[in-house]
Amino acid sequence: MYTHKNLASLFKLALVVTLISSASPLFAAQMAGSEKDPLIVVQSAEPTGLDPIVDRSVPSYSLTINIFDSLLEKTQDGRNVPALAESYDQESDTSWLFHLRKGVKFHNGEDFNATAVKYSIEKILDPASKSTRARDLNWIDKVEIVDNYTIRITAKRPFPLAAHYFTELQIVPPVYREKVGAQQFKLKPIGTGAYQLVSWDMGNRITLKRNDNYWKTPASIQYVEFQFVSSSTSRVATLLGGRADLITDPPVTAQKQIEKNRKTNFVTATGTRVIFVGLDTLQDSPLKDVRVRQALNYAIDKDAIIKRLLGNSAAITSTLLTDKDFGFDPAVKPYPYNPEKAKELLAQAGYKDGFSITIDTASGRYINDSAVVQAITGYLSKVGVNVNINTMEFGAYNSSLFGHKTAPMYFVGWGNPVFDASYVFNFITMSGSLLRTIENPAIDKLLKDANETVDQAKRKNLYSQADKLINEAAPAIFLYKQPVIYGMSTRLNWSPRSDEFLYMYDARFIND
Amino acid sequence: MIKFILRRLIQSLVTIVIIVSVVFLVLNLSGDPIRMIASPTASEADLAQLRSAYGLDKPLAVRYVNYLSKVAHLEFGESLRTQQEALQMVLKRLPATLVLAFSALVLATIVGIPIGMLAALKKGTSIDSTAVLISMIGQAMPVFWIALLLIFLFGVLIPILPPSGYGTPAHLVLPTISLSLFLLAGIVRVTRSSTLEVLSQPFVNVLNSKGISEHLILIKHIFRNASIPVLTQLSLQMRFVIGGSVVVESVFGWPGIGQLLAQSAYGRDYPVVIASTFFIALFILVFSMVLDIFYGLIDPRVRVWK
Amino acid sequence: MEITKTKRREKGYFGVLVKHPLALIAHIILLLAVIAAVFANFFPADALEQDLMSSLLPPTLHADSFPGAASSFPHILGTDSLGRDLTARILLAIRISLLVSFFSVVIAMIVGVTLGLVSGYIGGAVDNVIMRIVDALMSLPFVVLAIAVVAAIGPGLINVALVLGFTGWVTFAKLVRGEVLRIREYSFIEAANSIGCSSIRILIKHILPQTMGIILVNATLTMGQMIVSEATLSFLGLGVPAPTPTLGGILADAQQTFFAAWWIMVFPGLILMAIILSINIIGDFLRDYFDTSEAGSR
Amino acid sequence: MSEQEILLSVRNLRTLIKTANGTFSAVDGVNFDLEKGKALGIVGESGSGKTMLSMSILGLLPQTARISEGEVFLNGEDLRTLSKKEYKKIRGKKIGTIFQEPLTSFDPLYTIGDQIAESLKHHCGLKRSEARIKVIELLETVGIPRPESVYDEFPFQLSGGMRQRAMIAMALAPSPEIIIADEPTTALDVTIQAQILELLKDLQKERNVTVLFVSHDLGVIAEIVDEVMVVYGGQVMEHTDVNNLFYNPAHPYTKALLKARPTLTTEGKRLRAIAGQVPSLEARPSGCPFHPRCEQATEKCSKKAPPMTVLENSIRVACWLYCHENEKSGEQPNV
Amino acid sequence: MCEEILSVKDLKTYFNSRTSTFLGKSPSIRAVDGINLSINAGESFGLVGESGCGKSTTGRSILRLIQPTSGSINFAGRDVMTADKKSLRTLRREMQMIFQDPYSSLNPRMRVLDIVAEPLIVHRLAKPSEAATKAKKVLDHCGIPDGSVQRFPREFSGGQRQRIVIARALVTRPRFIVADEPVSALDVSIQAQILNLLQDLRDEYSLTYLFISHDLAIVRTVTNRIAVMYLGKIVEQADTSVFFSGPLHPYSRALLSSVPRETPDEDKKRIILTGNIPSAANPPKGCNFHTRCPLFTEKCKKIAPELIPVSKGHSVACHLALKSSK
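Chains as they are written, first to last, in this note's numbering: chain A, 164 to 675; chain B, 79 to 384; chain C, 7 to 304; chain D, 16 to 350; chain E, 96 to 421.
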């Protein structure tokens, strides 16, 4: 055994040496990229893998959404429409019967059928997959194949958001995936989607080719190339130099420059991500007093922040919901900018001379976040609240955030791909939720009831009440809904999605 | 010579062990990597399960010993973020960094050595002071600043060069220049001072007294003698080159080991951080050993004696 | 910049300095930087006072041309994205950058010099262990180590100084060790031994003072490097946290406004460069001034 | 003297050195003639300008130094009018040089043979193989054992004595007319020094080479030269036959120097020390450079440098003691 | 009348060669290889030899500035070899050293007065103020005037520096001084000043010198007894006058004959030694000198000769010299 191990390591060493000495893959990428006129997308981060069973970060999903299809599909405006499932019947509160599209094939010719759906769901739930999505689907009780193209999915309890999760349930080819193994599948995924993977040049680019046998009309653009550049300056420069068609996360201040260029446009769309400052009332701090929390909300000029730091394209939020979310109540109004009122409230709470407090944040995660946090602290200092910024590396920030070890204030953005109040309130404003804010029995009760109500009108009403209470209790400094922004070349016709995913099926070159 | 190489090998081994230990220690001081990879909605039980799946639940000492023996077998494990073999990830990124580092090195050397020698030969003239001043400016500019200015100049103002990406020689130009400026400055200065040092040696006087032509003295004697400290400088500077490549690769989206390291360090992706650090250190050590052998080829005192 | 010993003997530091225009300019620039650092508070605009309505104003000399400005003083170098006066921020940044680099150099110096002295004077196994660690750290890029350490202990003014200090000591240790080995060979050390000086006395009284020159030179040059390193850390988001400005931090933030406000990228960059350049020139000047081969020369 | 052919002639040579504190003459109006086949010793203490003098003749002054006036004739050719290239040719073919430090005088990176062959290839147009044969011959001539293998050895592999022998071989390689030896034995042990001196003497006899021998050691000088020039403070104090130097010294400095040195016959005796210090280049006194240390100095000595006076036995001395007002002062070139 | 002040028996000092101790055994260098010396109070004992013969190492070993490998050293009835740190310090008050290179033997960053006063302070022989007075006095004796004692060494010429070195050695009033090539770095005209000073001080301070030099002429001038070293061993020892009138060992003879003549017409029969001094790391078998000896026999190749007295106070280590003297 020992010798075997030694041999193995020797072999590895030899491998290393050959790799270093040959360094042949050096300019090989050039050939792959020389396909005629690809659509070039420059993304800020590279996917960690392309297996929808395990990889579910935004950078990964932006690619897999092009390679894979789900049972249902989410439209621009958030409606769920059939995709790989031609239709479905909700048999009960906890049971769905899907009728699958026939004649759909994976890129390698493997048939799409009920087995593939069952496999795709069960693999996520299989602990051996170590999938981080397991918890997202843990409401599913069982998946039954009715016939080759019919499948029944049963839930453990009524689950109002189920349809949303079916839009995110990308279907993988079981035969192929089992054959190459999960490790390889991440790198060489095969789906039924509009595009198929040509090559993945690690750290550099992923090239996709149109699936000409797509079950819908094939996409307009033949090749799409995703490149990965973390520096926003480089991305913008690449766009301005005409070397990219679409870039993600351009700095808002680059808007003018991008618009000035005849060949590029600055594109904005409403997003789903709300930005707020979480206020942890469970630890000992002046924030325990609701008047202080309200004062903080009054103290910040959100208009100015949006205008100056977000390219004027964000929308003020009254709580943590946006107008697109189920449960949003337009009657609940955002806190206006009123520093006098803020001071008054602080004085009432006994902090006439203000106080000092710390805010935790990670930088580079949300649009212009570092400047926004500084602006917030600047406003707070004007009403006497002295805020000390503790910027953390994102990993550490995340641990302390979910480990409930943050400072009393923490700067967060919360995306709501489900467009449902539950996806926000359940995780943020409920007792014992993921983020620590308040523990308010009245709010808890409303939220719990809503969770188990399938009747949409009743649910809506419950959330409406909760929204109002949350606004008053101010478990956060409510800020704004972050837009989705891109830099785009004028030759490209494509509309951004509010869920931030780069779905290129609709994209067209204007002169084509 | 063989003894010498053997000795260097063992020294390098010790160095590598120290490095991987330092990295292990430092990484274990920091936050919980599982939080990074787990879904934000994961429960404590899920986390515990993941932790044990990645062997992060054992005591530090046990992990250290396991870790050392695994590193010794080049088993770095799977990346926590991508679930791929860390070794493979690093090896895939290695060529890009090598290309960048070597082109920066070559550029800095072929430009720096002649300038340095010229400055020394024209010591005290305006050529000399200009060369020295420029080299000092090169050392005074942070790499990222140079990179950003270059991007603005050649990517935006006069968009003749790609400001990001990898693949064609054109992509190599801006990163190479950004990375080589600091190195170039160092090489100019070392070449200058070592040339001056050689010029002050009596044997140069002897060569002159023999009536050997200046050309021959310069190429055959001064250059060869002066290149010895430059080699030493190169081996010392390699770590700055690799360090600089972390920044340069991030700015230019260069798919090298430096960018991978930065990303993995942020993501607390232990196996990848360890594997990349290991290979960076290995590369620097191999590089300095190759230079040492070069050194032996140039200098008979090293070659014959040891 | 050769300085003969006779000259130094007769004219003293400033006498020599005035003869070297480049070094003189460098001293003046550094002096100005120090003055800026010390008196940053007296600048009429507040480095932390934000006014979003005046964000990203270009450099101007007109004080009253922008209604709503936080102060009536002109934004000579413009404002940043929060409408903070860039001049005030740069002045404060100079202070922070100098402080951080100064303290990190002090830490590096204390650790490095001590270990270098011990290593060089005691020799043997102690020397071997210390030098192996030095070698190891020397083959690890600074950024790599710094990323790992900062990621572990978190950013912050003191942490950054600590990280820089504890990664910067190796050059001191190596240098001082080399010097100790060299100085040990001089007969005045043997003389000290022969008149009955203890090892500690020899180390402190006879060896250390000889290395002061080279330590000072290295400290100066290291300080320049530390400023760059701090800037690099800031660039990578691991530097001194906002809103406290450092030169590197301002530059890192300037990326966000790169295409809208050239001044935020250019001015602090130039000032950073000027300071580092000056420090390096002063380091070179000191190197010549102290002429380390002194003890053996005739 | 005059029937002999004069090989090297130096006229009123003055060499200036620029230091941080100003410009100083390192060599201050030196005149001499050297006949073919003779050996001239230049003796002086450190800082006396003796090395500067030999470097001025070789045209190998450091960047900070330059000859400000005077002429150097080799075989009647004024070397100072030559171009750099022509001077190089002269140095390579007609002048051989031996320096003090045999280790640093060789390029450490090339073999001994390579370095000796270099000038042969360069100036005599020999091919590699021819040069090798010639070099091995030369190495044999200078008494290096197993010359074939020494050819391929590096300078650091040889002992000091061997290196100095190799240096001599290198100087002899192009069969020069004159050899300038600057302290060739100073760095060597006494037994090795004896070997080298013996070798030089033999070579000089055999090959009838002219030698300019620079040394601080009167004993070494006594071994090898025919005439001696004593220099102090950049000036010639006395130029005399070697016998006269020891038995009939004229200049007070020469006298004092002879008395001050310990010899094998001075057991237990107190030495007659010369008071004071050798002046540095920058602190040379005006007038006669030796006057502050001279027991016989008068006020005149501090004001004006004495001219060279020719005494009987063709002893030439620069001292006011021998120079009377009515006598013709100044140099009398004996051409 | 002549009281023995220093007695050295079978002193050996070996060094490990500096090259790799990592792979393979490194040869030890036998710098001093079994030396016996007896020096009487008031004597000036010369130790002569060429570079690398171990004469300096002998001097340093006697002061234990270098740790000897074995042997015994007895100074004025006290055992130097086994002295602990504390008693060694006391001993060093009485045993001092003068160094060859006056440029490197003075701490360039200390003022002359501090340099000379330091031994007094280290040995707690005087309070700082007293120490300064004492130091000034000694400096004055050595020819450094009061007015310049606050200067730094670099402001002095070589000869003056050597005076400072001497003053430092004398300030603790030692009885025994090892002078290691004290004038070889100096110009001829300065050498005489220092040699005279050393002689004057010897009388004034009743000193005993171990005078180490490569220069036979100097040794002749200042010593009254002499030992010649070759490759770590003493080959001949005699009264100076006896030695110079007729050295017995072939090496001594060669050495003496190698000294450049004093005058041009001195008729001198040269014994030119062939070859080089062998390495002390790998000395020849038998007599160390046999590889270069013009007279060597088979016996010399095998058996190392002992240092044997041939007449009163004159010993020699040579198989042949013994025969010829008999």
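Don't read these hints as lab results, they were simulated from the structure.
Everything numeric in this text was worked out from a predicted model, so none of it was measured.
All C-beta atoms in this analysis are idealised placements derived from N, C-alpha and C, irrespective of residue type, glycine included.
Some hints could be false.
Said to hold, decoys possible - Under the rule of at most 25 Å between Cα atoms (straight-line distance), these lysine-lysine pairs were calculated in the DSS-like manner: (1) D:K109 x D:K216; (2) B:K170 x A:K351; (3) D:K220 x D:K109; (4) B:K170 x A:K342; (5) D:K216 x B:K298.
What the hints assert, rightly or not - Examples of chain C residues lying across from chain B (beta carbon under 8 Å, computed): (6) I139; (7) F148; (8) V150; (9) L187; (10) R190; (11) G254; (12) Q261.
Starting from the hint list further up, note which numbers the structure goes against and sort them upward. Hints 5, 9, 10 not satisfied by this model.
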